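Q: Here the protein sequences come in this chain order: A and B.
Its first residue numbered 1, the first sequence is counted upward by one per residue in the numbering used here.
Its first residue numbered 1, the second sequence is counted upward by one per residue in the numbering used here.
What the hints contain is simulated information worked out from the structure, not anything from laboratory work.
Have a look at the derived ranges for each label pair, beta carbon to beta carbon:
#, chain 1, residue 1, chain 2, residue 2, range
1, A, Asp170, B, Phe58, 38 to 46 Å
2, B, Arg56, A, Gln191, 30 to 38 Å
3, B, Val20, A, Lys44, 44 to 52 Å
4, B, Asp6, A, Leu47, 52 to 60 Å
5, A, Phe85, B, Val75, 32 to 40 Å
6, B, Leu23, A, Glu221, 58 to 66 Å
7, A, Tyr121, B, Ile18, 16 to 24 Å
8, A, Asn216, B, Val67, 46 to 54 Å
9, A, Thr56, B, Leu17, 53 to 61 Å
10, A, Asn144, B, Arg48, 17 to 25 Å
11, A, Ser181, B, Ile18, 47 to 55 Å
Which chain B residues face chain A? A few, computed with CB under 7 Å, are given here:
#, residue
12, Gln39
13, Val46
14, Glu49
15, Ala73
16, Leu77
As the structure is a computational prediction, the values presented were derived from the model and not from experiment.
Just so it is clear, CB atoms sit at the ideal spot from N, CA and C, and this is done for glycine as well.
Chain residues, written in single-letter form:
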Amino acid sequence: MPDLFVSEKKETQKDTSATDQKPSEHKVLEAVSQVLPSDSIDRKVHLLTSYCENPTGLVFTNLDDDEKILLFLRRHLITNSPWIFKAILASLVPLLFLIFLSFFGVILPEDYTFTLVLFYYLMLLGYIFVQFISWFFNITLVTNQRVVDIDFSQLVFESVAATKLPQLEDVSYHQIGVLASVFDYGDVTVQTAGKASNFLFAQVPHPEKVVHLINNLIAKERNV
Amino acid sequence: MFDLIDFFQGMLNMLFLIKVFILLSILIYIMFLLVVVKQVNSMSAVIREASVSFLRNFAVFMVALGVLLLLTALVIL
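Next comes chain A alone, as it looks inside the complex (with noise of 0.2 Å):
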């Protein structure tokens, strides 16, 4: 009897132990999943993100209190191909250079080699980061009020378009090349009315997806 008396409590203490370690798992379940939303992953807009619906992460300046992010978009990562081929072309240039300045036996200083090779590469360093940039600031975003496009091109072209859903019109898409087909991107036209400039969305990801969802809006919009 005494054997028996014991080994209960033994096994109420393991029991205990027990009921204590899954609160704090649960707490600690809990609050992860307050901080990280089971699809905030996928919101979440990174470096290299061209469309994201309903993203976090993100602050427009021109903002309204009630206003928010339904759409983000940029240009599909794969139209900077050409650059990009462009820059590695270009990165074998100094080594060709040098060969073809040996091969007529004018050979410069190396001193004078190693400063032009540097600058040549650091030349290349800011073609990279300046298609790069025009690519990451050519923005267009889509709002429960209105339509955001922000241009920025090659440094000199900047400029920020808005319109307010109730002025747009029509909604279209269409998707040229190869390309395009097989990376599922295409140019989305948005038709104002009056004299507000219409809208092109070139490039973007899913044309069809952005397609519905703006005609989505203007809908409810002329239902409201």
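Got chain A; can you put chain B on it based on the hints?
A: Showing chain B alone in chain A's frame:
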């Protein structure tokens, strides 16, 4: 003999011209990079997201590289 001296003087003058050309080019390039930094800052004021700060830092890093290259060129050329 004089021809040889003239040849070396000509070479030195040419190298001096190349040096001036390289230094001026790097200076112009640094100015271009400063414009890039300004543009990135102005665009990051419009759109704010986590990766914008990385781009701003990278633009500044490129200016630093440019200045470093200018100093290197001044010393070794």
